[in-house]
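**Student:** Read off the chains here:
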Amino acid sequence: MNIPFDISSIRKDFPILNEVVNGKQLVYFDNAATTQKPRVVLDAISGYYEHYNANIHRGIHHLAEKATSAFEQSRKRLQAFLNAQFSEEIIFTSGTTDGINLVAATYGRKFLKEGDEVIISTMEHHSNIVPWQMLCEEKGCILKVIPINDEGELLMDEYEKLLTERTKFVSVVHVSNSLGTINPVKEIIEKAHAVGAKVLLDGAQASSHLHLDVQDLDCDFYSLSLHKIYGPTGMGILYGKRDLLNAMPPYRGGGEMIKEVTFEKTTYNELPYKFEAGTPNIADVVAAKYAIDYVETLGKANIAAYENELLKYATEAVREIEGLKIIGQAKEKVSVLSFVIDGIHHQDIGVLLDQQGIAVRTGHHCTQPLMSRFNITGTSRASFAVYNTKEEINLLIKGLHKVKRMLG
Amino acid sequence: MTINEIQDELISDFELFDDWESKYEYIIDLGKQFPPLEEQYKTEDNIIKGCQSRVWLNAYMDGDLLKFEADSDAIIVRGLVSMLVKVLSGHTPEEIANADLYFMERIGLHQHLAQTRSNGLAAMLKQMKAYGFAYQAKSVNAE
Ligand SMILES: Cc1ncc(COP(=O)(O)O)c(C=O)c1O
Numbered sequence: 431m432n433i434p435f436d437i438s439s440i441r442k443d444f445p446i447l448n449e450v451v452n453g454k455q456l457v458y459f460d461n462a463a464t465t466q467k468p469r470v471v472l473d474a475i476s477g478y479y480e481h482y483n484a485n486i487h488r489g490i491h492h493l494a495e496k497a498t499s500a501f502e503q504s505r506k507r508l509q510a511f512l513n514a515q516f517s518e519e520i521i522f523t524s525g526t527t528d529g530i531n532l533v534a535a536t537y538g539r540k541f542l543k544e545g546d547e548v549i550i551s552t553m554e555h556h557s558n559i560v561p562w563q564m565l566c567e568e569k570g571c572i573l574k575v576i577p578i579n580d581e582g583e584l585l586m587d588e589y590e591k592l593l594t595e596r597t598k599f600v601s602v603v604h605v606s607n608s609l610g611t612i613n614p615v616k617e618i619i620e621k622a623h624a625v626g627a628k629v630l631l632d633g634a635q636a637s638s639h640l641h642l643d644v645q646d647l648d649c650d651f652y653s654l655s656l657h658k659i660y661g662p663t664g665m666g667i668l669y670g671k672r673d674l675l676n677a678m679p680p681y682r683g684g685g686e687m688i689k690e691v692t693f694e695k696t697t698y699n700e701l702p703y704k705f706e707a708g709t710p711n712i713a714d715v716v717a718a719k720y721a722i723d724y725v726e727t728l729g730k731a732n733i734a735a736y737e738n739e740l741l742k743y744a745t746e747a748v749r750e751i752e753g754l755k756i757i758g759q760a761k762e763k764v765s766v767l768s769f770v771i772d773g774i775h776h777q778d779i780g781v782l783l784d785q786q787g788i789a790v791r792t793g794h795h796c797t798q799p800l801m802s803r804f805n806i807t808g809t810s811r812a813s814f815a816v817y818n819t820k821e822e823i824n825l826l827i828k829g830l831h832k833v834k835r836m837l838g
Numbered sequence: 006m007t008i009n010e011i012q013d014e015l016i017s018d019f020e021l022f023d024d025w026e027s028k029y030e031y032i033i034d035l036g037k038q039f040p041p042l043e044e045q046y047k048t049e050d051n052i053i054k055g056c057q058s059r060v061w062l063n064a065y066m067d068g069d070l071l072k073f074e075a076d077s078d079a080i081i082v083r084g085l086v087s088m089l090v091k092v093l094s095g096h097t098p099e100e101i102a103n104a105d106l107y108f109m110e111r112i113g114l115h116q117h118l119a120q121t122r123s124n125g126l127a128a129m130l131k132q133m134k135a136y137g138f139a140y141q142a143k144s145v146n147a148e
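Line by line, the protein sequences give chains A and B. Residues in the first sequence are numbered consecutively from 431, following the numbering used here. Residues in the second sequence are numbered consecutively from 6, following the numbering used here.
Quick caveat, the hints were computed from the structure, so don't treat them as lab data. Heads up, some of the hints might be wrong.
Restraint-style ranges between C-beta atoms, simulated for each label pair [unchecked claim]: (1) A:773 / B:10: 53 to 63 Å; (2) B:52 / A:581: 27 to 37 Å; (3) B:37 / A:596: 50 to 60 Å; (4) B:14 / A:773: 27 to 37 Å; (5) A:450 / B:13: 23 to 33 Å.
To be clear about the criterion: a stretch of chain B counts as covered by chain A if any three or more of its residues have a C-beta under 8 Å from a C-beta of chain A, and this derived list gives those stretches [stated by the list, open to error]: (6) 24 to 34; (7) 67 to 81.
Here's a subset of chain B near chain A, in silico, CB distances under 10 Å, partners left out [unchecked claim]: (8) 57; (9) 58; (10) 59; (11) 116; (12) 117.
Think of the CB as a built atom: it goes at the ideal place given N, C-alpha and C, for glycine as much as any other residue.
Please model the entire structure based on the sequences and the hints provided.
**Tutor:** What follows is the structure, given as C-alpha cells:
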C-alpha cells in the first residue's frame, strides 16, 4: 500500500510513545479507550495557561478577549469538522456521556411521555444505555433493543419491526467500541424519521475514523469526545439541530447560561450558551481545535486507509494463534480487533502483555449486555491509531505466543 | 508461623526470580495448585466484585482461628489470591484485622492491589480484614 504519510515522523509528534513500560518500549494499542496527544495539542494547552488564561465572555480586558476568541474559534472548527449548518449547534460538553445525558434529560424529559418507546441497540456503550433507562424509569417509557448477528452487525429487519408510531427516539452507536462495527446509520436515521422519531448518534468511536457530515446524515443529535480524536480528556461536543436545541429546556442552571436573573424569574441565554452553564473547560476547548487541525492535515481518508491496512494485517496475523477467536467480524469495521482465546481469561492476557510493554484493553469495555450476547465476560481488544505500525503488531503476536506458552 | 513470618518467607521465595517471566510463571503455578473453592461456596454473597475477573471468598471460624478459602476465574489473580490466603488464613480475627501487609509491595506486585477496579484483589483484602474485625467483635460480645 502507498502510505500517504511518513509514520516515523508522525510518531515523533507523540512524545508519550517514547515511554518505557516494564523495561520495554511502549506499544500502545488501547486507542479506542483514548488516543495519545500530539505535541501541538500539548502546546496549545500549556500555551493557553502561559499566555492568555482568562475567563471567557465576561472580561473586557485583553486576555479575556483573546481567550474568548480562541474558544469560539474552536466552536467554528468543530462546526466545520461535523459540517454543521450553524456554529450555535455545537455545544461544548465534558464528553460523549455528558452529551447523551443532556439530550435524555432535556429533550427526553420534555417531549417523551408514558408509553413512548426509545430504541437502542445490543452493542451500546453503557453511556448510551443508562441515561435512557433513567429516562424510561422516570417517564414510564419503554426501552427496545435492536438485536445483532454473530458477526456483530445490527439486524436491520428487526429494527424495522421495532419501529412504530410509538417510537419517539432512537439512540445508537455509530461505530462500536467493542466490535469495531460501523453501523448503517443513514438508513437507521431515515427509517426513524419516517415514523417521526428523533435520532442521536453516539459518535465516540466514529469521529476519529470516519468522515462526518451531520447534514448529510440528517441526524438530530451527535455526541462525541475529543480525547478519542487525539484531543484533550474531559471535553466533547454535542451537535443538535438548531430548532430542537431551541425547543429544549436548559440542562444545568448557573452563570453563562442566563440572560437575566431576578429572584422571581430567570430568562435564559440563547444557543449555544443556554447549555453551557458555568466556566467551561477553556484550555481543552481551545486545544481541541489543534487536535482537529492535526487530524485534518493528515487527512481523515488517509488515516482510515492506513488504519484499515493495520487492521487487515493484524486480523490475518492473529490467525496463527491457536484457539483465538475474533469477536466482531462485521463487513464494515474500523481498526478494532477484539478477541478471546480458548481457556485463557482476558485479564491474564492483559497482565502478561502489559509485562511486555503492550497496552491492550481487557474486560467488557463498558458493554456488558453485548458481552452477554456473545456469552462471554469480556475480550482482549487491540485498537489501532495512526501512529501504530506493523512492527508493533508483530510484537503483539509474539507477546500472545508468550502468553499462551506461559499459561499453557 | 505469624503473618509476618509467612510474608517474609514469600518475599524470599520471590527473590529467586530475576525476571518477570519466572516471577509470573511462579504465580501461575501457585494459581494452578491452589485448590478450587467448592461450587456451593461460589455464591453471590461470596463474590467480590471486580471489574474484569471474579473473585470468591469464603470465611469461617475454626476454633479460635479465622480461615479463608477463595477462588478466581483468572489464573494470575488466582495465584495472587492464594498468596493472600496463605498469609492471612488460620490466624485469630484480631491478628487478621491488624495485619500490615507489605509482601505484595516488596515482591513488586503492588500494582495488582492498586488496580481496584480491574481485579477483585484490593476488595478481597479489605473483605478479609472486615471479617477479622467482625469476628473479633463477635468474640468480644460473647465474653
Ligand atoms: C462507543 C462509546 N460511547 C461512549 C463512550 C463514552 O465516552 P466518554 O467517557 O468520553 O464520555 C465511549 C468511550 O469510552 C465509547 O467508546
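**Student:** Run every hint past the structure and note whether it holds.
**Tutor:** Comparing the hints with the structure gives:
Checked against the hint of 53 to 63 Å, the pair residue 773 of chain A and residue 10 of chain B fails, with Cβ atoms roughly 36 Å apart. At roughly 32 Å, the beta-carbon separation of residue 52 of chain B and residue 581 of chain A lies within the given 27 to 37 Å, and the hint holds. One distance hint, 50 to 60 Å for the beta-carbon pair residue 37 of chain B and residue 596 of chain A, holds here, with the actual separation near 55 Å. Between residue 14 of chain B and residue 773 of chain A the Cβ separation comes to about 32 Å, which falls inside the hinted range of 27 to 37 Å.
Taking the beta carbon of each, residue 450 of chain A and residue 13 of chain B are about 31 Å apart, inside 23 to 33 Å as hinted. Coverage of the stretch 24 to 34 of chain B by chain A holds [criterion: at least 3 residues with CB-CB distance below 8 Å; count 5]. Counting residues of the stretch 67 to 81 of chain B whose beta carbon lies closer than 8 Å to any beta carbon of chain A gives 4, which meets the minimum of three for the stated coverage. Taking 10 Å as the C-beta contact cut-off toward chain A, the hint placing residue 57 of chain B at the interface holds, the least distance being around 4 Å.
Checking residue 58 of chain B against chain A by beta carbon gives a least distance of about 5 Å; that is within 10 Å, so the hint holds. Hint on residue 59 of chain B holds. Least Cβ distance to chain A is approximately 8 Å, under the 10 Å limit. The beta carbon of residue 116 of chain B comes within 9 Å of a beta carbon in chain A, closer than 10 Å, and the hint placing it at the interface holds. Annotation: interface hint on residue 117 of chain B holds; nearest CB of chain A at approximately 8 Å, less than 10 Å.
In terms of the numbered hints stated before, the structure departs from hint 1 and from no other.
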